[in-house]
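Top to bottom, those sequences are chains R and X.
Each residue of the first sequence is one higher than the last, beginning at 26 in the numbering used here.
Each residue of the second sequence is one higher than the last, beginning at 26 in the numbering used here.
Treat identical chains as interchangeable: a pair holds within one or across any two.
Within a straight-line C-alpha distance of at most 27 Å, the following computed BS3-like cross-link-like pairs (lysine-lysine) qualify: (1) LYS100 <-> LYS138; (2) LYS86 <-> LYS104; (3) LYS107 <-> LYS46; (4) LYS92 <-> LYS46.
Since the hints were derived computationally from the structure, they do not count as laboratory data.
Below, each chain spelled out in residue letters.
2 protein chains.
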Amino acid sequence: MAVQVRLNWTENLQFVAGAEKGPAIVMDSKDGGSGPTPMELLLMGIAGCTGIDIVLILQKKRLELSKLEIRISGKQADKYPKRFTEIHIDYFLAGKNISSKAVEQAIKLSEEKYCSALASINAEFTHSYTIEKQKPS
Amino acid sequence: MAVQVRLNWTENLQFVAGAEKGPAIVMDSKDGGSGPTPMELLLMGIAGCTGIDIVLILQKKRLELSKLEIRISGKQADKYPKRFTEIHIDYFLAGKNISSKAVEQAIKLSEEKYCSALASINAEFTHSYTIEKQKPS
Chain R
26 MAVQVRLNWT
36 ENLQFVAGAE
46 KGPAIVMDSK
56 DGGSGPTPME
66 LLLMGIAGCT
76 GIDIVLILQK
86 KRLELSKLEI
96 RISGKQADKY
106 PKRFTEIHID
116 YFLAGKNISS
126 KAVEQAIKLS
136 EEKYCSALAS
146 INAEFTHSYT
156 IEKQKPS
Chain X
26 MAVQVRLNWT
36 ENLQFVAGAE
46 KGPAIVMDSK
56 DGGSGPTPME
66 LLLMGIAGCT
76 GIDIVLILQK
86 KRLELSKLEI
96 RISGKQADKY
106 PKRFTEIHID
116 YFLAGKNISS
126 KAVEQAIKLS
136 EEKYCSALAS
146 INAEFTHSYT
156 IEKQKPS
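From just these sequences and the hints, can you work out the full model?
Here's what the structure looks like:
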C-alpha cells in the first residue's frame, strides 16, 4: 500500500498540495496564514483518521451518531526539531442511544487497533470524550 | 508550544478541519474523494515542513530558488494499524546558482535538525533530489 502526494511552492512559505487527481489544499507558515501549517496538518490527519474509525465503528454497532467533533492538541518539545511529545484528542459526540461504553470501545479500537495515522506518530497519546445531550427535535 | 485544531464531521466520512480562526480544509476517505485523506494529510505535513525549511535555508544562503516541487510517498504496513513504514521524499528544484552541495546541506539540515513533522513520525525516511535547468528568460 502506498500513499502519494505532491507539493508545489507558490511564494513566501506557501505551498499547494494534493494527491494525483485529488483535491488540492493550500498550506502555509503560521505567519503566512493562508492555510493550515504542516504541524496542524499532522494533527488533522491523526484526528481525521480516528474520526473515520469512530463513525464506522458506531455505525457498525447500529448507533445513530448525529454529531462528532474532535479537538486535538499537540505539545512540541522546546528544542529542535521540536517534535510532538504529547497529543491529546478530545471527542464530542451526540446521537440516539450513544452510550459511554460504546464510545469507549470505539476509541479504544481506533487508537489501539485501526488508526494508521496515530500508529505512525511517535508521541504519547491521551484522550477524553463528552457525550452531549441531543436537542429535542 | 502547543498546536491545536478542530474537526467537525459533516456526512459520510467527510470532515471539515481548521485551527481556531485559521482557514478550514475538507478531508475525506479515499472513496469519498472530496478532500485529502488522513494519511495524505500526514504526508503533506511532512513535505510542507521540510519544504519550508528548504526555502528558508536556501534563502539564507542567498540562493535564488525559482521552483520547489516535492513528491512524497509512504508505504504502509500490510497489517493493521497499517502505519507508515517507509517514506520517500523527492525534491525538484530550480534557480540561479542552486548547487548540489547547497541542496544536500539544506535537506540534511531539515531532515536531521529542524523538521518537526518529520521528527514526529515513526518511519524510515529516504530522499532524492533533482536540480532542473532553468528555462532561458
